[in-house]
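Going down the list, the protein sequences come from chains A and B.
Numbering-wise (my numbering), the first sequence opens with residue 1 and increments by one.
Numbering-wise (my numbering), the second sequence opens with residue 111 and increments by one.
Simulated from the structure, these hints should not be mistaken for laboratory data.
A couple of the hints might just be wrong.
Stated by the list, open to error - Simulated crosslink set (BS3-like; lysine-lysine; CA at most 25 Å straight-line): (1) B:LYS447 to B:LYS567; (2) B:LYS533 to B:LYS447; (3) A:LYS92 to B:LYS533; (4) B:LYS486 to B:LYS567; (5) B:LYS447 to B:LYS370; (6) B:LYS424 to B:LYS533; (7) B:LYS370 to A:LYS26; (8) B:LYS370 to A:LYS92; (9) B:LYS567 to B:LYS424; (10) A:LYS26 to A:LYS92; (11) B:LYS558 to B:LYS568; (12) B:LYS568 to B:LYS424; (13) A:LYS26 to B:LYS567; (14) B:LYS370 to B:LYS486; (15) B:LYS558 to A:LYS92; (16) B:LYS424 to B:LYS486; (17) B:LYS486 to A:LYS92; (18) B:LYS424 to B:LYS370.
Stated by the list, open to error - Simulated restraints on C-beta separations: (19) B:GLY523 to A:LEU18: 54 to 64 Å; (20) A:THR8 to B:SER180: 29 to 39 Å; (21) B:ALA200 to A:THR59: 22 to 32 Å; (22) A:ASP5 to B:VAL114: 13 to 23 Å; (23) B:ASP455 to A:LEU6: 55 to 65 Å.
As the list claims (entries may be wrong) - Where chain B lies over chain A, by a calculated footprint (3+ residues, C-beta under 8 Å): (24) 25 to 31; (25) 45 to 54; (26) 69 to 82.
All residues carry an ideal CB built from backbone N, CA and C; glycine is no exception.
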Amino acid sequence: MNNLDLLTAITVFVLSVLVGIEVISKVPATLHTPLMSGSNSVHGIVVIGAMLIAAESHTWLGYTLAFVAMVFGAMNVVGGYVVTDRMLEMFKSRPATEKPAADTLEKAEV
Amino acid sequence: MDTVSNAVHYIFLAAAACFVMGLHLMNHPRTARRGNTLSAGAMALAIAATVWLIMDENVISSTGWLVLISGGVLGAALGLWAAREVQMTAMPQLVSLFNAVGGGAAALIAVGDLLQTDHPAALGARVSLPGALDIVIGAVTFSGSLIAAGKLQGIVSGAPVVFPGARLLNVLLPASFVAGTAWLVLAPDSQIALYGLVVVALLFGVTMVLPIGGADMPVVISLLNAFTGSAVAMAGFVLDETALIIAGMLVSASGGILTKLMADAMNRSIANIIVGGFGTGDSAPATADTGGAPAQVRSVSADDVAIQLAYASKVIFVPGYGLAAAQAQHELGDLAKTLTDHGVDVSYAVHPVAGRMPGHMNVLLAEANVPYTQLKEMDDVNPEFPQADVALVIGANDVTNPIARRPGNAISGMPILDVDKAKSIVVIKRSMGHGYAGIDNELYTDPKTGMFFTDAKKGLSELKAAVGEFVR
């Protein structure tokens with residue numbers, strides 16, 4: 001662990017709230033559900049905490065807690081991003097016809 | 111700090127920056143998907159960096175690896191399955207569920223960290239205070255979100271569940287949070303305080319959400335989302351990881367803003383909603399007087415409506431939760447497409463609280479192939495109603511009631527869609543039943559309004575067929 005001093009941690013805390021408010025106020029109501037589900041996946045970063053706890057565990061209780069936290073965190077991250085993508089894919093500027101060419105192009109790039 | 115740890119923390123910083131940019135890209139439907147992909151990529155990078163860090167520190171036991179990998183794989187599989195299988199109408203439940211597990215994981219991290227320190231008694235308030243807060247907020251979110259998901263799924267009654275002493279409990283439990291937190295800060299090695307706090311917080315999550323009605327769920331989900339964010343940020347304080355603090359607070363800000371927007375759209379304070387007892391979902395006795403004699407409504411048939419629609423130049427659809435409940439969004443999309451092809455200007459007026467979570471209706475319409483350019487927010491669409499030849503209301507009630515403009519009734523001051531300003535209005539509805547507020551809708555007795563009494567799904571398919579005849 002790095003030793004983060006309290007003042008730095010609180011600075012990060014406060015600035016993050018302000019950045020969050022600034023960025024999120026600009027999201028249109030149309031996208032509020034994907035926004036919520038997307039921000040939900042962002043707090044899936046908690047899985048990193050679960051990994052760090054798993055790494056330091058040396059008791060059965062610790063392992064159990066870490067295991068449950070890992071399941072929860074991984075579910076949060078993977079499920080959150082996948083479902084957000086599923087939703088956003090549906091937002092089209094014109095009614096979807098049969099598989100537009102742009103879609104195939106995008107896939108080819110990946 | 112050694113080199114690897116340093117490098118890993120720079121990667122975390124980059125990931126956090128990508129989360130912010132990802133959320134920023136969400137400000138337009140065109141770029142939103144890219145934003146989500148960016149955010150997901152950054153998350154994958156951060157996770158990979160953590161694996162690198164753990165390998166480098168090399169204190170992990172082989173059981174630890176087993177736990178980490180098996181837990182991760184199991185969770186990922188569950189998440190993937192849920193995300194692939196979920197119906198768009200069930201999205202609020204799923205988001206609640208992910209909220210629950212996120213909050214649960216954050217709480218478990220604090221419990222794990224406090225239990226596993228070598229000298230727990232020596233822990234300063236620097237760790238034990240955020241630890242205690244993490245446990246409280248995380249556990250409240252966990253049980254609260256599960257109850258909310260249960261209500262949305264219909265497993266738990268959607269009506270406000272009020273039991274004797276619930277109000278008292280909702281005062282006593284938070285008081286015990288303060289006591290428990292103080293205890294844990296003073297004696298970080300006290301397992302009684304630790305477990306006590308977990309139990310009390312889990313209990314409070316349940317008693318907080320149970321009395322809240324189904325119609326208030328958009329507010330509750332947003333609020334719980336903000337809670338999870340805070341819990342994750344607290345976990346960041348416990349573990350000394352800024353990445354968790356940044357990500358957590360971004361989510362918290364997002365949840366906070368949405369909570370405020372939803373509460374404003376219902377013209378109610380957040381405290382008022384949490385105290386509960388309003389969004390019953392049943393028709394409570396009306397208290398507002400609607401002007402004496404039983405008002406006349408004009409009933410219309412599918413053919414009447416179809417003629418109006420076919421000869422209109424501008425039509426605004428006003429979908430409400432009833433549309434989603436009837437699973438009729440595809441029929442609406444089909445009808446709209448027929449009209450658009452015929453040259454009618456079609457748009458959708460979406461009230462902020464239409465649906466069971468913020469923006470829910472937009473997702474349902476997008477799924478029904480409605481282009482996002484036709485989805486209009488309340489403030490943008492209200493000036494357009496006077497030009498609309500027909501406003502077709504499907505499954506929306508209270509948000510269209512002009513009575514909200516006058517003082518002295520249950521929905522006074524609630525922002526509404528100005529449907530009554532359209533040249534003519536058609537309401538598709540099964541009966542004259544009340545909305546959540548339990549009051550009569552003056553729109554229905556407006557001389558310009560025709561009531562098309564039918565099931566939304568059936569009515570919309572009939573309309574599409576009838577319009578098809580006229581425009582052929």
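Structure-based check of all given hints:
Between B:LYS447 and B:LYS567 the CA atoms are separated by roughly 16 Å; this keeps the pair inside 25 Å, and the hint holds. Between B:LYS533 and B:LYS447, the direct Cα distance comes to roughly 22 Å. Compliance with the 25 Å bound is thereby established for this hinted pair. Distance hint between A:LYS92 and B:LYS533 is unfulfilled; the C-alpha atoms sit about 30 Å from each other, more than 25 Å. Annotation: proposed proximity of B:LYS486 to B:LYS567 holds, straight-line Cα distance about 22 Å (limit 25 Å).
A C-alpha spacing of about 35 Å is found between B:LYS447 and B:LYS370, which places the hinted pair above 25 Å, so the restraint is violated. Under the criterion of a C-alpha separation no larger than 25 Å, the hint pairing B:LYS424 with B:LYS533 is consistent with the structure, at around 10 Å. For the suggested pair B:LYS370 and A:LYS26, the alpha carbons sit about 15 Å apart, so the restraint of at most 25 Å is met. Distance restraint check for B:LYS370 and A:LYS92: the Cα-Cα separation of roughly 28 Å exceeds the 25 Å cut-off, and the hinted pair is therefore not satisfied.
Annotation: proposed proximity of B:LYS567 to B:LYS424 holds, straight-line Cα distance about 22 Å (limit 25 Å). Note on A:LYS26 and A:LYS92: the hinted pairing holds, with a Cα-Cα distance of about 20 Å set against a maximum of 25 Å. About 23 Å separates the Cα atoms of B:LYS558 and B:LYS568, which keeps this hinted pair within 25 Å; it holds. For the hint linking B:LYS568 to B:LYS424, the alpha-carbon distance of about 23 Å falls within 25 Å, and the restraint holds.
Proximity of A:LYS26 to B:LYS567 is assessed by CA-CA distance (about 35 Å); at most 25 Å being required, the pair is judged violated. For the hint linking B:LYS370 to B:LYS486, the alpha-carbon distance of about 20 Å falls within 25 Å, and the restraint holds. Between B:LYS558 and A:LYS92, the direct Cα distance comes to roughly 34 Å. Violation of the 25 Å bound is thereby established for this hinted pair. A threshold of 25 Å between alpha carbons decides the hint, and for B:LYS424 with B:LYS486 the separation of about 14 Å falls inside it, so the pair holds.
For the given pair, B:LYS486 sits about 14 Å from A:LYS92 by alpha-carbon distance, which is consistent with the 25 Å threshold. Our distance criterion of 25 Å between C-alpha atoms is broken by B:LYS424 and B:LYS370, whose separation comes to about 33 Å. For B:GLY523 and A:LEU18, the hinted distance range of 54 to 64 Å is not satisfied, since their beta carbons lie about 30 Å from each other. Take A:THR8 and B:SER180: their Cβ atoms lie about 35 Å apart, and the range 29 to 39 Å holds.
For B:ALA200 and A:THR59, the hinted distance range of 22 to 32 Å is not satisfied, since their beta carbons lie about 39 Å from each other. A hinted range of 13 to 23 Å for the beta carbons of A:ASP5 and B:VAL114 is consistent with their spacing of about 21 Å. Separation of B:ASP455 from A:LEU6 is about 58 Å and conforms to the stated range, judged on CB atoms against 55 to 65 Å. Requiring three or more residues with a Cβ within less than 8 Å of a Cβ of chain B, the coverage given for the region 25 to 31 of chain A holds, as 7 such residues are present.
A count of 10 residues in the region 45 to 54 of chain A with a Cβ less than 8 Å from any Cβ of chain B is obtained; the coverage claim is therefore met, three being the minimum. Only when three residues or more bring their CB closer than 8 Å to a CB of chain B does the claim for the region 69 to 82 of chain A stand; here the count is 14, and the claim holds.
In terms of the numbered hints stated before, the structure departs from hints 3, 5, 8, 13, 15, 18, 19, 21, listed from lowest to highest.
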